[in-house]
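**Student:** Those protein sequences? They're chains A and B, same order as listed. Straight run, no breaks: the first sequence in this note's numbering ends on number 364. Straight run, no breaks: the second sequence in this note's numbering ends on number 412.
Watch out, some of these pointers could steer you wrong.
Stated by the list, open to error - Rough simulated footprint, nothing fancy, chain B against chain A, three-plus residues with beta-carbon under 8 Å:
#1 54-66
#2 111-123
#3 186-200
#4 308-314
#5 322-331
What the hints assert, rightly or not - Chain A side only, calculated, beta carbon under 10 Å to chain B, not exhaustive:
#6 V72
#7 R79
#8 T95
#9 M97
#10 R98
#11 R101
#12 R132
#13 T134
#14 Q135
#15 G224
#16 A226
#17 A335
Stated by the list, open to error - Restricting the straight-line Cα-Cα distance to at most 30 Å, the calculated cross-link-like pairs of lysine-lysine (BS3-like) are:
#18 A/K310 / B/K170
#19 B/K170 / B/K241
#20 A/K310 / B/K241
#21 A/K258 / A/K356
Simulated from the structure, these hints should not be mistaken for lab results. Owing to the predicted nature of the structure, the values given are computational and were not obtained by experimental measurement. Using N, Cα and C, we set each Cβ at its ideal position, and we do this for glycine too.
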Amino acid sequence: MVVATDAHAAPRPAPASITGGAFGRAAWREVAVLATPALLLFGAFIVLPFVLAVAASLSNAKLLQGGDPAWVGLAHYERLFGVHLVSVDAVADKTPMRQWRELRRASAPRHDDFQYLASVDAGARRWIVAARDTQFLRAVANTFWFVLLVVPLQTMLALLMALAVNRAYPGRTLLRTVFFAPVVTSMVVVSVVWGLLLHTDEGLINRALVALFGAGAPQPDWLGDARLAMPSIAMMSAWQGAGFQMLVFLAGLQSIPKELYEAAQVEGATRWQQFVHVTLPGLRRTFVFVLLATTIAAFGLFTQVDVLTKGGPLDATTTIMHRAVQVGVRDQDVAYGSAMALVFFVLVLVLSLAQKRLLARMDR
Amino acid sequence: MKRWLVLGLLAAAATVSAQPRELVMWRHDTGDAEMVASAEAVARFNARQQRWRVRVETLPQGSYPQAVVASALAGRLPCVLTLDQPTVPNFAWAGHIRALEGPLRPAGVDALIPGGRSGYAGKLYAVGQFDVALALFARRSVLQRHGIRLATVDAPYAAEEFRTILRGLKAAGWRHPLDMHADRADEWPSYKYSPWLQSAGADLIDRRTYRSADGVINGPAAVAVGRYFASLFAERLVSRKPIDDHLFTSGRAVFQYSGSFDMAEYRRLVGPDLVILPPPDFGRGPRIGAGSWQWAISATCSEPEGARAFLEHLITVDEIAAFSRRTALMPTLEAAADRTELYRPGGEGRAFFEFARAWAVLRPETPAYPVISSAFAKAMRDIRDGADVQEALDRAADTIRADLERHHGCGH
Chain A
1 MVVATDAHAA PRPAPASITG GAFGRAAWRE VAVLATPALL LFGAFIVLPF VLAVAASLSN
61 AKLLQGGDPA WVGLAHYERL FGVHLVSVDA VADKTPMRQW RELRRASAPR HDDFQYLASV
121 DAGARRWIVA ARDTQFLRAV ANTFWFVLLV VPLQTMLALL MALAVNRAYP GRTLLRTVFF
181 APVVTSMVVV SVVWGLLLHT DEGLINRALV ALFGAGAPQP DWLGDARLAM PSIAMMSAWQ
241 GAGFQMLVFL AGLQSIPKEL YEAAQVEGAT RWQQFVHVTL PGLRRTFVFV LLATTIAAFG
301 LFTQVDVLTK GGPLDATTTI MHRAVQVGVR DQDVAYGSAM ALVFFVLVLV LSLAQKRLLA
361 RMDR
Chain B
1 MKRWLVLGLL AAAATVSAQP RELVMWRHDT GDAEMVASAE AVARFNARQQ RWRVRVETLP
61 QGSYPQAVVA SALAGRLPCV LTLDQPTVPN FAWAGHIRAL EGPLRPAGVD ALIPGGRSGY
121 AGKLYAVGQF DVALALFARR SVLQRHGIRL ATVDAPYAAE EFRTILRGLK AAGWRHPLDM
181 HADRADEWPS YKYSPWLQSA GADLIDRRTY RSADGVINGP AAVAVGRYFA SLFAERLVSR
241 KPIDDHLFTS GRAVFQYSGS FDMAEYRRLV GPDLVILPPP DFGRGPRIGA GSWQWAISAT
301 CSEPEGARAF LEHLITVDEI AAFSRRTALM PTLEAAADRT ELYRPGGEGR AFFEFARAWA
361 VLRPETPAYP VISSAFAKAM RDIRDGADVQ EALDRAADTI RADLERHHGC GH
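Please construct the entire structure, taking both the sequences and the accompanying hints into account.
**Tutor:** What follows is the structure in structure tokens.
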């Protein structure tokens, strides 16, 4: 079902007027004058740092360097993605980690620097994956896990909030303000407050569980349990960020022509039918934008992790951005940190393009 | 004729040098008492001589390390600056600060305790007016009630004995008998727990060469300390993530593993019931960290002679004693300690000075220290969260080796 909206009927300049003769040589001077300030800023703050990061990632530069840095080629990238896969006999009373340690010691120097990452048992065989930088690979996996958790959650929450405040009723402005307030609150403050709410022994959430279910209520260690930590962070991130997407959805909702709803009512459609057949199709383009923006923002997860868990427990919440900052700035290994940042850049670029393609195809 | 000319030139030179030349100094912004103490020291220096005038610029503490690194890279460091002791070798290796040797060596430096000096590759690079010392805090009345002996410098708690005490307190109903501020990150884990390794005969890195941590940070002695550390959390003797900083002062914990920097607050809140005990002994006697914020001279300083005179002024007995009296921080000079109410023999804080003199170990003086510290902190965090101890420490050794290989030993 395709819904025509006024928004797309706005007159567009014909392409010919941009590329054709009307935009002739005489205009180039003006173009130069108008574009130069922006281009200079873009060059100084985007292009130049990017080129420097590429150069740094191919060297062994430290932030505080004694002597001149040397070129090391692609060594950092080899370290980031260096993986060994070996198969051993599955021994029931030995952890795979211990087996790997023994194997590594026995076969030195073949597996030196490679640390146990994961293992799978297949019958009598056990496959062990070991990597040069287990923390980084965990960070990549965690980042994807976070995106998978937070994007649907945050988008749905935003849509629900937008629907809730789309109608006119008393107190609507107050509700809008309440929904939007977390967005304008500093992420650090939000994280600190949630850190207290989620505290195992004395946090409000676990106290509430006791109040509801009595003394035997489960008392999860929200941020200290490796399985719960990332979902907890996703939950609070969705709560914090959804207000912004709510605004976008509101704009989308208000651009859906009233006549469509009136027509639907005339035809006897229920509220749910109106939502499914008028509202959702009318929000298609809004969805594309919201999903793209949320995904890109979600890949950059850093603040919540840095404040609440520092990447722990046991690397369960470390992310690519957090690793890049930890390594490149705090450990002063700017070369290796730059390599991580570039991998991050390529990853987000490729995924955004793929997502845009996919959604554009759905839109057709 | 010629003689008159020379005399004229000398007179001119004298008028020029009569104008005091300005030395810019950077200080990280800490508590009021410390800022006032430093300002007074500067004022006394400016009043005492006419050749130089020190001008203080303060920077917020949180971003101070980044600000200093950025300025160093841009070649715009001030003449004199404060640096945290473990970062000094890094700045020295990168050539951003001057060796305080030869004509730049401040007089009186040899009398300072080890925590008042910082070096790299056998040369002096920074000096400090104060240091901090680690200790166990407790309440005398609570220990008496539970029949726990007071540890002394001659008979500290053995690590095993201390754990038994904690288990007894746990059984007696204390939820977390010991508080260690275990959720603090950054430099804290290395500062507080690497002395445990050293007390057990292990270390963060082999200090004979500074080129390998294998078998040192992950050797049997270090692993034993790691297991001990893990048991404190597994048995819930220590809170993994304290809800606030006041478990001890509000009476929810019996012991606090902290340091002299907290003494003023604890004395205020606990009163005369407070006792200061040595940290536990893991076999070779207790060890405590040494080295706090110190003073260095930048490589770009155009008035090194003035900067040296200023540092020399700062480490005089009078100045160190004055700084300590203002801030309650521990002096780095015995003669100065003797002149303060708190740290003189018999003073309430004298214990810290004795601990520092007997057991202080500087963190490894190598430019690789930021990576070593971060690798060790990560290992201790993972151990706290239940990781395999040997594996966690092995990984720290791997991280350190990879960094040293990539940077060719970091100058060692």
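**Student:** Evaluate each hint against the coordinates.
**Tutor:** Results of checking the hints against the structure:
{"no.": "1", "hint": "54-66", "in the structure": "holds (count 6)"}
{"no.": "2", "hint": "111-123", "in the structure": "holds (count 3)"}
{"no.": "3", "hint": "186-200", "in the structure": "holds (count 3)"}
{"no.": "4", "hint": "308-314", "in the structure": "holds (count 4)"}
{"no.": "5", "hint": "322-331", "in the structure": "holds (count 4)"}
{"no.": "6", "hint": "V72", "in the structure": "holds, 7 Å"}
{"no.": "7", "hint": "R79", "in the structure": "holds, 7 Å"}
{"no.": "8", "hint": "T95", "in the structure": "holds, 8 Å"}
{"no.": "9", "hint": "M97", "in the structure": "holds, 6 Å"}
{"no.": "10", "hint": "R98", "in the structure": "holds, 8 Å"}
{"no.": "11", "hint": "R101", "in the structure": "holds, 7 Å"}
{"no.": "12", "hint": "R132", "in the structure": "holds, 8 Å"}
{"no.": "13", "hint": "T134", "in the structure": "holds, 8 Å"}
{"no.": "14", "hint": "Q135", "in the structure": "holds, 8 Å"}
{"no.": "15", "hint": "G224", "in the structure": "holds, 6 Å"}
{"no.": "16", "hint": "A226", "in the structure": "holds, 8 Å"}
{"no.": "17", "hint": "A335", "in the structure": "holds, 8 Å"}
{"no.": "18", "hint": "A/K310 / B/K170", "in the structure": "holds, 29 Å"}
{"no.": "19", "hint": "B/K170 / B/K241", "in the structure": "holds, 17 Å"}
{"no.": "20", "hint": "A/K310 / B/K241", "in the structure": "holds, 13 Å"}
{"no.": "21", "hint": "A/K258 / A/K356", "in the structure": "holds, 29 Å"}
Checked against the numbered hints listed earlier, the structure breaks none of them; every hint is satisfied.
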